[in-house]
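There are 2 protein chains.
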Amino acid sequence: MIVGAKINMSEKVVSTIKTISIEAIDKAKSGHPGIALSSACSLNTLYTKFINVTSMNPKWFNRDRFILAAGHGSSILYTILHLANFNISIEDIKNLRQLNSITPGHPEVETPGVDATSGPLGQGIAEGIGMQIAESYLASKFNKSDLVLVDHYTYVLCGDGDLQEGVTLEAISLAGHLNIQKLIVLYDSNDVQLDGYVEEVNTENTKLKFISCGWKYIKVDNGENSLEIERAINKAKKENGPVIIEIKNKIGKGSSLEGNPKSHGAPLPSDDVIKFREELGGEKFEICSEVYQEYKDTLIRRGNAKYKKWLKTLKIYASKYPNDYKEFLNVLENKPIVDFDNLIKFDKTYNKATRFASGDIFKAISRIDPYFIGGAADLSSSTQGEIEGGRYTKDNRGGRNIYFGVREHAMNAIANGIALHQGLRVFISGFFVFSDYMKPAMRLSALMKLPLIYHFSHDSIAVGEDGPTHQPVEQISMLRCIPNFNVIRPCDANETIEAFKVAYNSTKTPTCIVCTRQGVRNLDIEHKNLSKGAYIVKRETEELKLIIITAGSETALVLDSLELLENKSIRVVNMPSSYLFDLTSDKYKESILPKNVRKRMVVEMSDCLPYYKYLGMDGYVYGVNTFGKSANIDVIIKEFGFSKDQLLKVIIKYLNKED
Amino acid sequence: MIVGAKINMSEKVVSTIKTISIEAIDKAKSGHPGIALSSACSLNTLYTKFINVTSMNPKWFNRDRFILAAGHGSSILYTILHLANFNISIEDIKNLRQLNSITPGHPEVETPGVDATSGPLGQGIAEGIGMQIAESYLASKFNKSDLVLVDHYTYVLCGDGDLQEGVTLEAISLAGHLNIQKLIVLYDSNDVQLDGYVEEVNTENTKLKFISCGWKYIKVDNGENSLEIERAINKAKKENGPVIIEIKNKIGKGSSLEGNPKSHGAPLPSDDVIKFREELGGEKFEICSEVYQEYKDTLIRRGNAKYKKWLKTLKIYASKYPNDYKEFLNVLENKPIVDFDNLIKFDKTYNKATRFASGDIFKAISRIDPYFIGGAADLSSSTQGEIEGGRYTKDNRGGRNIYFGVREHAMNAIANGIALHQGLRVFISGFFVFSDYMKPAMRLSALMKLPLIYHFSHDSIAVGEDGPTHQPVEQISMLRCIPNFNVIRPCDANETIEAFKVAYNSTKTPTCIVCTRQGVRNLDIEHKNLSKGAYIVKRETEELKLIIITAGSETALVLDSLELLENKSIRVVNMPSSYLFDLTSDKYKESILPKNVRKRMVVEMSDCLPYYKYLGMDGYVYGVNTFGKSANIDVIIKEFGFSKDQLLKVIIKYLNKED
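The listed protein sequences derive, respectively, from chains G and X. Mapped onto this note's numbering, the consecutive letters of the first sequence carry residue numbers 35 to 693. Mapped onto this note's numbering, the consecutive letters of the second sequence carry residue numbers 35 to 693.
Incorrect hints may have been included.
Copies of the same chain are indistinguishable here, so a pair counts whether it falls within one copy or spans any two.
Calculated lysine-lysine pairs in the BS3-like style (CA-CA distance at most 25 Å, straight line) [said to hold, decoys possible]: (1) Lys272 x Lys241; (2) Lys360 x Lys542; (3) Lys621 x Lys687; (4) Lys633 x Lys621; (5) Lys397 x Lys296; (6) Lys63 x Lys386; (7) Lys672 x Lys128.
Think of the hints as simulated: they come from the structure by calculation, not from any bench.
Bound conformation, chain G alone (with noise of 0.2 Å):
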């Protein structure tokens, strides 16, 4: 019988796919079996039967994105991405978890076939959210009536604990009220976790909770069955809006730890590998013929003929429509198409807040780049985060500006996902201080090279009577922390300007821009000099003896209190990027901040930690290392010790101090 033939190369499939993932585990002497095995079965009728895919062009953009949230099931991804001839080779899954190899403890985005990086629980869904919002966008945009560009479906396979994380629930509630399409979540439900059964940490009615949210739910008992998934999956794929599909398994299934906890993240007794690999007979780490050819008769032959028929339709579409294929191949490489320099300009008498500035700015670039897009979370009309273009909504795709709501973490995760995407230019905006929601998306933004624009606003104490909950101190230091991420507090508007072009150009590193809530004017300084990360903004004309660091609204500030100084021995550096001024060259950062020259001072109305860096032990920090208060802004500040005159006198008394 054909279908049982069927069935039973299924079942071998899914036992291969067990055993090597197990194998490598047990070669690596590390990783995580539970989810292996209760995920295999789901995992593989996915991409067997739905995922549109192709080695032939991994990176094909119309494809079918499939995010791991579970991110310790990365053995089985593996696996099923070997299997689907993607340049994962058996030797790479031998190298499972060891240094430098393609396999790593969790997925990370730059191995054939994965997605996303994956392991901090709770990303995932978020970010497959923000991957069907860029993809409803495109096709907004490049679809026509006869000929479809951009249509794909996203899948997340999560687990128990991604569901029990905060900025989960966030994306689950906007991508309901966005009725995102094409999102179709697998849970694979194996009522384990790490510590212990889920039913002792979590009783909540998951479909009633995805239903309230406005999701379809989805039920399998048994997630083994490969025909009870397909058929799920199958229905998923008419429903109207995201879908999550409980798939119920045992954790460790089919080990001697089956259901157990201690199968979630340490290889299995060793009999249990040696059990798998007897029942389905040949040597450690052999996929037989039949296996492979399974996946060519399958995932491979669909997705190459998917891909294929795609690249005839796009042909197609050149022809008839040769602007907006001029279009889409620029969106393909995510070509920056603004030219700064002749954007916008602020006269000499803009004096308002740099949260204005970038509202002017943002609005600019809308005008120019159709594939920038973005959002705030709830705050856009106080940030200026808004761009034209309109609202995305679940009735208006082609709108660019998303409402997060008060979901801060959620945003950056979705954002990511937007990032992961391609083809679009993705922003956030939020108060500086509420960037504490967000650390860990904003990580993961840096560690997997994702290029977003990170907007705030309201960037120190001088936020004023809000309080010290709203006014950030140790933000600026913790986001200047991260590796790979570049935060600039442009001092004024015109600087603005210059902040956004390294944003926008930017290609594997996100860029954090920090603006004020109160106004500042605008500086007659070399705004261009921004690129080198530091620049002296007023030079000294006797011998220099104390050099001032300086960002933000505190560059007006030095300036302004030196104007009351005859003293012609100060140098003025504005820094705005310290990332930016590491990366230049010594002697570049020798003519800013000669050695010699051990005077040296910080002035910045936040927590300055990482300023020590230019300041050595005869440096001088003045900034602020206690949280704020509530007041008006000049009484704030006055409070803080950063009105003119009491910083001049500071100045004076560092200036004279004997060595």
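Please build the complex by placing chain X on the supplied structure of chain G, with the hints as guidance.
The following block gives chain X in isolation, referenced to the frame of chain G:
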């Protein structure tokens, strides 16, 4: 008719509260009138009819707790606390949002009658859960069948934004699972948030969502009807488990901006303020005697009576259960009862990871102190953050291990609530890299001066195979930059004891103990010096030429490396806590890090930016400023240059470098 008269009186009281609140906002030229007007009736009903507090003792241990999760409604709370005879005068209310006033922009716990600092959305409900965990645990410890000492409610008022935050959503799920009692959330459902209408960002079914999480849901259709609100709260008090009461109202109710997002975050048009006062009668900021009388007849009379009755109960308790009474007094004072010098010792052969040492210490503390409580976010079996005394569950309120599930952020916010409650010492435990998920609540613990014990394991790239997503790099810097936050990285098992000693005895500062995943040998050093933050663990015997500053597992590494070197001019400083070191005298600092020695080096397998403070410009950071990699620990340590031999080479090279 008496009933009618009562309603009219209640209306007058509400009208007074509204008027005073918007007058205060008007005077401050800053504030949030929208929620003040929509929640005044709810809050007045809650305080006059239900909340048991007393100005005779604002910190009365068995008072009902109240958290204004939507902290921007502060003006209403201050006005009610004024009426309730707390030490907030009309002058204080006139000083709303002024420097050093007790009426700051968002409520701060230092103000009499304020139970939690609030403002950052989403924290309040989780804190309320923590308060009721504390209440139920202490009730299980002290209440007798005939005498009840601990038996209070916690009420929370939240807005639409709170319910969108992930931390709230995590907390809701856990509260339902734990079936938290006597927790009543009033949800000011006013249809508007900062950027616009709620329906534009959130269309989930609130009722269904809460029910799916095991909550009871009650709806009040008219938020201006105090009788309806009173009925709802009465009903809620009869329910089993946590309850949310959705109270429908219009933002800015009664003003010209009723229902308008513009009423959210800026003073109302002055005509509105004048209109409210005209309708009420009297002068600006005037409160008529009947309104004061109403509070005297309700809240004040009831609260004082309850308090006096409790004192009487306590007296009987003292004579009937003298030992328990003594213990209760200790609990009231949060009295430390652990003698760390005689608690536990690890001998010189101990070479397990500091996470295992901390596991033993946790258990030792808990054997002595029954008021030590806490838990982990699904990682206790790995971090060893577990104590004796069983699990806290819905059926066992006397358990002390809270299994938070994968809900790091809620874990921290709940722990803040436990600490705010008073009576218990609380710890939370997790992987260090996932401290990222907790940052907003960490900041609040520091801001509120809550002596939480943060326990993290897996402290560096030495995490190994799990790779960059699981290897902390910048986390240590992130936390070192928070004001009033003590980060300790103990170097071995015995120093871990000292770290716990500091953490346990802290009264106003959260302490974060960061432990290794891998084994470290116990060092022959003066561990007690940890209290000074930094101390010499290898002293030069010739003229001092180089100071090496290090911490954690790297201390042994540095010492071991130097074993291979014949050099008597090197000093090694173990610096587990820069926070504590900064608190020492200049003289002590000079004795450890003499200013004239400029050749200094920091060795830490993490980002070290904040440590430039101790290095100077001639100093040398030997740390990690990229993301980690997936590989076995020995391989990863070598890859990043932290093997003994590699480090030795680096030290020699730096030592011999020309100045």
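Which numbered hints turn out to be false for this structure? none
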